[in-house]
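Take the given structure of chain A and dock chain B to it, following the hints.
Quick note, the sequences are listed as chains A and B, same order.
The first sequence begins at 1 in our numbering and counts up one residue at a time.
The second sequence begins at 1001 in our numbering and counts up one residue at a time.
In short, the hints are calculated from the structure, not lab data.
Note that the structure is predicted; figures quoted are calculated from it, not measured.
One should not assume that every hint holds.
Covered stretches of chain B (chain A as the covering partner; in silico rule of three or more C-beta atoms under 8 Å from a C-beta of chain A) [stated by the list, open to error]:
| id | stretch |
| --- | --- |
| 1 | 1043–1049 |
| 2 | 1085–1094 |
Cross-link-like lysine to any residue pairs, in silico, SDA-like; alpha carbons within 25 Å at most [stated by the list, open to error]:
| id | chain 1 | residue 1 | chain 2 | residue 2 |
| --- | --- | --- | --- | --- |
| 3 | A | LYS78 | B | GLN1099 |
| 4 | B | LYS1056 | A | LEU100 |
| 5 | A | LYS68 | B | ASN1098 |
| 6 | A | LYS78 | A | THR102 |
| 7 | B | LYS1056 | B | GLN1081 |
| 8 | B | LYS1060 | B | GLN1045 |
| 9 | A | LYS24 | B | ASN1098 |
| 10 | B | LYS1068 | B | SER1003 |
| 11 | B | LYS1052 | A | PRO98 |
| 12 | B | LYS1052 | B | GLU1076 |
| 13 | A | LYS24 | B | LYS1060 |
| 14 | B | LYS1060 | A | PRO109 |
| 15 | B | LYS1068 | A | ARG101 |
| 16 | A | LYS24 | A | ASP56 |
| 17 | A | LYS24 | B | GLY1097 |
| 18 | B | LYS1060 | A | GLY3 |
| 19 | B | LYS1052 | A | PRO109 |
| 20 | A | LYS24 | B | GLU1042 |
| 21 | B | LYS1068 | A | THR104 |
| 22 | B | LYS1056 | B | GLU1069 |
| 23 | A | LYS78 | B | THR1024 |
| 24 | B | LYS1068 | A | LEU100 |
| 25 | B | LYS1056 | B | ASN1098 |
| 26 | B | LYS1068 | A | THR102 |
Cβ pair distances, simulated, as ranges [as the list claims (entries may be wrong)]:
| id | chain 1 | residue 1 | chain 2 | residue 2 | range |
| --- | --- | --- | --- | --- | --- |
| 27 | A | GLU83 | B | PHE1018 | 41 to 47 Å |
| 28 | A | PHE74 | B | THR1028 | 32 to 38 Å |
| 29 | A | SER66 | B | THR1051 | 31 to 37 Å |
Backbone N, C-alpha and C fix where the C-beta goes; we use that ideal spot for every residue, glycine too.
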Amino acid sequence: DAGVIQSPRHEVTEMGQEVTLRCKPISGHNSLFWYRQTMMRGLELLIYFNNNVPIDDSGMPEDRFSAKMPNASFSTLKIQPSEPRDSAVYFCASSLMPGLRTDTQYFGPGTRLTVL
Amino acid sequence: GDSVTQMEGPVTLSEEAFLTINCTYTATGYPSLFWYVQYPGEGLQLLLKATKADDKGSNKGFEATYRKETTSFHLEKGSVQVSDSAVYFCALCSNTGNQFYFGTGTSLTVIP
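Isolated chain A (complex conformation) (with noise of 0.2 Å):
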């Protein structure tokens, strides 16, 4: 299994261009989940999904925040406009049953975003 895909794996970018990450989950799983790891507030649970919908998006910091899930096997994270305090690593994680409450999450590799 190839895992759970993240791509680009290093973004950089000037203030106020539009940025997309983009995540493959594992196949078959049901959930995912997007994350901003930084050092000053550590891992925040920004949304996530059960079957392609969207359940909890209440860590989105802001409207400048966005995220998709059109189909099983595709999720999008967009900041538009970006700002530098964006800057930080992006972790997309999917696991196999919504709400089950002895699931794993499988994280990808991460995108680190550096906004100028």
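What follows is chain B alone, placed relative to chain A:
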């Protein structure tokens, strides 16, 4: 609401030393508890988990026991190696299965 409190780091140990990283939680009902590990430049990966009281999770020489009476899930290893150097995260999945909480992470460095 539910939460996880994790021991502050960083932790530096000599090879073969005993490791404890403390984790306590606050939750209603019966959450599941996890330890994840993050090696440099990588994503988090599951180290071990326990899904009910008194369960012991174990993997790669690490152990943690789900203690409901003390609401704790401390990570232990009897003899650490340089290759164990990483950041360790305690995590909780709520009773409903719909809420997830990660601790702040504890950085461990093992020196030869």
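Looking back at the numbered hints, which does the structure fail to meet, lowest number first? 6, 13, 19 and 23
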